[in-house]
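Novice: So the chains spell out like this:
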Amino acid sequence: MTTSQFPVLLIAIPLMLVPVAFFVSQAKLSVRGFAIASLGLVAMLAYAPLVAALGFGLVLPLEARMGGWGPELGIVLMLDPLAALLLPITNTIIVLGAAIGFPAGERTPIPYFPLWFLLAAGSNGLIVTSDLFNAYVFLEIIAICSHALVAYRGDGYAFESAFKYLIAGLIGSAFILWGIIALFAATGALSLSVIVDRLPGAPPALVAAGFSLIVAGICVKLAIVPFHSWKPDGLTGAPPSSAGAISGVVLSAVLVLMLRVLVGLGGIGGPAQTLSAVSPFPVILTFLGAVSVVVGHSMALVQGRLTRMLAYSSIGHFGAMLLALALVTPAATAAVVFHGANHAVLKSGLFFLCAAAATERGTDRITGLSGYLARRPLELAACAILMLALVGLPPTVGFASKWAMIVEVVRAGGIVRALLIGGGSVIAVVYYLRALHTMIWDGAPRQLPDLGDPRARVTRLALVVGAGYTLVGFVGAGFIFAVASSAVSVLLGGPQ
Amino acid sequence: MIGVAAFQAVTPFGPGLLGLGQAAIVDDAAVLTAAGFLVFCVFAALFARESGRERTRGRRLLFRAGVALQLLAATTLPFAADLLQFFILWELVSLGAVAILLCESGRLRLLRIYLPIQIAAAVALIVAIALHSVAADGLLLPASGGLAAGQPFALFAVLVKAAVFPLHIWMVQTYPRVSPASTVILSAFGTKSGVFAAYRLLPGLAGLELFGALSALLAVLYALRQRQLRPFLTFHIASQIGYMIAGIGGVAAASQLAGVYHLSNHVMYKGLLLMTAAVLVRRFGTEDMYTIRSHGASTNGPLFAAALIGALAISGVPPFNGFVSKALLKAHAGSAASYWLMVAASVGTAMSFTKFLWLAFLGGHIHKGVQDEAAPPLLKRWSGPAELTAMGALATLCISMTVLPVFLFPELQLAYPFSRASIIAGLWPAALGCAGYFLFYPQLLRVFKLLPDGRPAGQVSLEFARGVIRTMRSLHSGDLRDSIAWMLTGLILVWLLTLVL
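Protein chains in written order, with this note's numbering: chain A, 1 to 496; chain B, 1 to 501.
Among the clues, some could well be false.
[As the list claims (entries may be wrong)] So, partial list: chain B residues that the calculated Cβ filter (under 7 Å) puts toward chain A:
(1) L139
(2) L140
(3) M472
(4) G478
(5) L480
(6) M487
(7) V494
(8) W495
(9) L501
[To be verified] One-sided and incomplete, this derived list gives chain B residues near chain A with beta-carbon spacing under 8 Å:
(10) A120
(11) V127
(12) L131
(13) V134
(14) P152
(15) I469
(16) R473
(17) H476
(18) D482
(19) S483
(20) W486
(21) T489
(22) G490
(23) L491
(24) L497
(25) T498
[Said to hold, decoys possible] A short list of chain B residues far from chain A (calculated; beta carbon distances all over 10 Å):
(26) V26
(27) E50
(28) A254
(29) P319
(30) F440
(31) Q459
(32) A465
Since the hints were derived computationally from the structure, they do not count as laboratory data.
Glycine is no exception: its CB is placed at the ideal position from the N, C-alpha and C atoms.
Please work from the sequences and hints to get the whole structure.
Specialist: Written as structure tokens, this is what we have:
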């Protein structure tokens, strides 16, 4: 196997480990150590491309053609800077999420770790795939395991959440599948690089229908208003660690798909514009993004449960990203990539904290968590840093990326968009500070931290990692933004 | 430039502080503003000494610290040439105000209004500064011409900080609710620093002149309705700030300088009026002008003289300082519309200060429609010697500042308005307003009552926001059928937009 076949490992290893983990867990052995170690191995592999590209002169993008299909249908895995940036983040989240959410008892109702291996395989696959049909397949793999992860707790509430998530996920997948079919009918190809070349000669009506279906489907997956109503319900019944993984990993993977289709194929115009001279999608995305920012943040303001609040806040963040993306300048798109990567880290970090708090208190109501952080300086510091970053205040990486978005948006002439993004942050200040205030000052800490539970230690590790990234990323923001910029230039077919 | 030299000789707060020596903008506007602040603060502090005895020791210290901080920051701010220094000083002015508000009894409620507003303004300003620094490749403030980028954010920051009419509600809800001496101090620095920021950052911004003139008029209409003394004066602050903004929004440099001159004049006469209001409130134990009126004609000559001078100055009657700056503002008005808006605002100002003098001092009673209050017992003494000294000094300044700038600012001297025509132009709106009060006030009041009220407007917008969120919540029913319907609606929407576009 040559270097160019490397991306396969990211998908194949977790896939192969699924049955192993399944049988090991069926044998009622403790699989925790084995599973975490294997997931850690995958995560280390996921760091490899970024490290190799930065330190050892590996030239990205790395293209792997699989299975000897023709160029139109070919299974193409593409390891470009976008994938190199996001893979380490998503895989780290998966390792930590699996370790934190591991059920306390030795006997697990349904196999737990196979789901996480599947999630790793699916998300890695979606991030590196470069053809539409495989994207759909990986999307389904992600969907199946994340539905199971949501339902994992097994009570009625969890099943309701999972059912809503399932139906919404099916609708989203159906939209995307129809869109892929339309694009295939228009161009006769599934590989993105071939579709780009064939789009100019394709029937415009079919192309527009394909793109609009894919946009709608991705909006369902990203929970953009008005496609969003599954998300708060779907995440509330899930164990918060699974919710964190869904927020961090699944949304990032879908964001990659959106960037590949809309930016890479020129669906929203830009230098690689291949549709009609004036594409309708900037306007549509602006509209959807604006509504999402407003609805997401103002609904987050009135939530009583921490997970719901975080879920609505994600809607607002993705709305802001759509607003910036719709400007179609490469710099604004790079800022979106940067913010997407940060959002994954920050949001899943907060969900992991929420998982620890909910395990101890038995609820994720903000009032029920009052005083939780009072005697926990590490958790308190991490929580404050993550929340500051999500609001977009310095000195955090969240400030850097939001700042980059606002500056690029203003530079491209979108003052109103900048005001919307900034206004969302102002609302976010209110609800995050309120939650933080309750979790620190209201009420007394009922119980000292249980140091014996290994999950608490992992949660701390996760918080240290997240907060560390948040602070170090602020210093190295220029570097991350440079990686994001090169990712966008590769997407746009620029110098490779 | 004589003024610059003189100011540098006398003040310790000017250039040189906070490392501003290397990069200070020393121009007429900066000197005029800083000198106005400095002189006013001396007398305001003198005035506040007497009521300060009623405070506890800790509060007194905090109050003094707040006043000192505001003075220091507000007198240094005009000279700042570096935008970050400018921002820090702008924040220090707010911080001083916070210290003063902390000395008050209802401090939590006051800060709940004051702090978020100031933070919002500060955030907008820092965004504007950042955008400017990107566009101009540096943090230096251009000596003229304002910001190179980020004007919308700076505009928001300035309009909020300066409490220009539609964004003045925070001021109306804080300034009248503190102790009278604190109102005197607060009214000088915070909003005026905002106005000066408009001069530095957004001079001659398109549309600002007309906006300022319009807000001057609208704020006067609101002021006319007020019965309570300090809310009445606070609405007049908003109105006068409208004049300043109108001047600063003018294209001509002379117009912008006249706006700053009006700022400096305003600090004097509004301070004087608030001091008389403070004494009246203490003496009569009420803010209500009609209750004060029920005590009959006031016999306190010096207080009446102070109120009269303040009222004449704010109404722009010659030969008081308000006349000069208003005449200059009108002379340099860029359009007929803004000129006539300013004249109309002058008529309204004269009318409302006729009402103030008539009710609070002359014990007048001509309008039958307005209910009288029963006279409550008199509470306390009139003004003490320190307070009288302070008021006397400010009253003297209200007269002397009429001629002072002639020697200081050649730019203004060119259009110095002591011609017969300008005197008549200053007198007739005042006379019209004075007569209008006696002839038409009840009819006008009925019209003004149709205006949306300031505080209910705040409540209405809050209610509106709550209603929007309630609607949103009811749309998020959690019913799966609704979710599916929304998703299909979204798809149809995307299709429709694809078709239309």
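Novice: None of the hints should be skipped; say for each whether it holds.
Specialist: Structure-based check of all given hints:
1. For the restraint placing B/L139 at the interface with chain A, the shortest Cβ-Cβ distance is roughly 16 Å, beyond the 7 Å limit, so the hint is violated.
2. The closest approach between the C-beta of B/L140 and any C-beta of chain A is roughly 19 Å, which is over the 7 Å cut-off, so the hint fails.
3. The beta carbon of B/M472 is positioned within 7 Å of a beta carbon in chain A (closest approach about 6 Å), and the interface hint is therefore held.
4. Checking B/G478 against chain A: minimum C-beta separation of about 6 Å stays under 7 Å; hint holds.
5. The beta carbon of B/L480 is positioned within 7 Å of a beta carbon in chain A (closest approach about 5 Å), and the interface hint is therefore held.
6. Taking 7 Å as the C-beta cut-off, the interface hint given for B/M487 holds, the closest approach to chain A being about 5 Å.
7. Interface restraint check: B/V494 against chain A, minimum CB-CB distance 5 Å, threshold 7 Å, status holds.
8. The closest approach between the C-beta of B/W495 and any C-beta of chain A is roughly 6 Å, which is under the 7 Å cut-off, so the hint is satisfied.
9. Taken as an interface hint, B/L501 checks out: its beta carbon lies about 3 Å from the nearest beta carbon of chain A, inside 7 Å.
10. Checking B/A120 against chain A by beta carbon gives a least distance of about 7 Å; that is within 8 Å, so the hint holds.
11. With a least beta-carbon distance of about 7 Å to chain A, the hint placing B/V127 at the interface is held under the 8 Å criterion.
12. For the restraint placing B/L131 at the interface with chain A, the shortest Cβ-Cβ distance is roughly 6 Å, inside the 8 Å limit, so the hint holds.
13. Using the Cβ-Cβ criterion of 8 Å, the hint placing B/V134 at the interface with chain A is satisfied: the shortest such distance is roughly 6 Å.
14. Of the supplied interface hints, the one on B/P152 holds, with its beta-carbon coming within about 6 Å of a beta-carbon of chain A, less than 8 Å.
15. Proximity of B/I469 to chain A holds as hinted, the smallest CB-CB distance being about 6 Å (cut-off 8 Å).
16. With its C-beta approaching chain A no nearer than about 7 Å, B/R473 sits inside the 8 Å limit, and its interface hint holds.
17. Contact between B/H476 and chain A, as hinted, is supported at the beta carbon level, the nearest pair being about 6 Å apart and thus within 8 Å.
18. Below 8 Å, beta-carbon pairs count as interface contacts, and B/D482 has one with chain A at about 7 Å; its hint therefore holds.
19. Interface restraint check for B/S483: the shortest CB-CB distance to chain A comes to about 4 Å, inside 8 Å, so the restraint holds.
20. Of the supplied interface hints, the one on B/W486 holds, with its beta-carbon coming within about 5 Å of a beta-carbon of chain A, less than 8 Å.
21. At about 6 Å, the closest approach between the beta carbon of B/T489 and any beta carbon in chain A falls short of 8 Å, and the interface hint on this residue holds.
22. With its C-beta approaching chain A no nearer than about 4 Å, B/G490 sits inside the 8 Å limit, and its interface hint holds.
23. Taking 8 Å as the C-beta cut-off, the interface hint given for B/L491 holds, the closest approach to chain A being about 4 Å.
24. The beta carbon of B/L497 comes within 5 Å of a beta carbon in chain A, closer than 8 Å, and the hint placing it at the interface holds.
25. Taking 8 Å as the C-beta contact cut-off toward chain A, the hint placing B/T498 at the interface holds, the least distance being around 5 Å.
26. With a least CB separation of 32 Å from chain A, B/V26 remains clear of the 10 Å interface cut-off, as annotated.
27. With a least beta-carbon separation of about 40 Å from chain A, B/E50 lies farther than 10 Å from that chain, consistent with its non-interface assignment.
28. The Cβ of B/A254 lies farther than 10 Å from every Cβ of chain A, with a closest approach of about 31 Å, so its non-interface assignment holds.
29. The claim that B/P319 lies off the interface holds: its Cβ sits roughly 46 Å from the closest Cβ of chain A, which is beyond the 10 Å cut-off.
30. Every C-beta of chain A lies more than 10 Å from that of B/F440, the closest at about 43 Å, which supports listing it as non-interface.
31. For B/Q459, the non-interface assignment is confirmed: its Cβ lies about 18 Å from the closest Cβ of chain A, beyond the 10 Å cut-off.
32. Here B/A465 does not stay apart from chain A, with its beta-carbon only about 8 Å from theirs, under the 10 Å limit.
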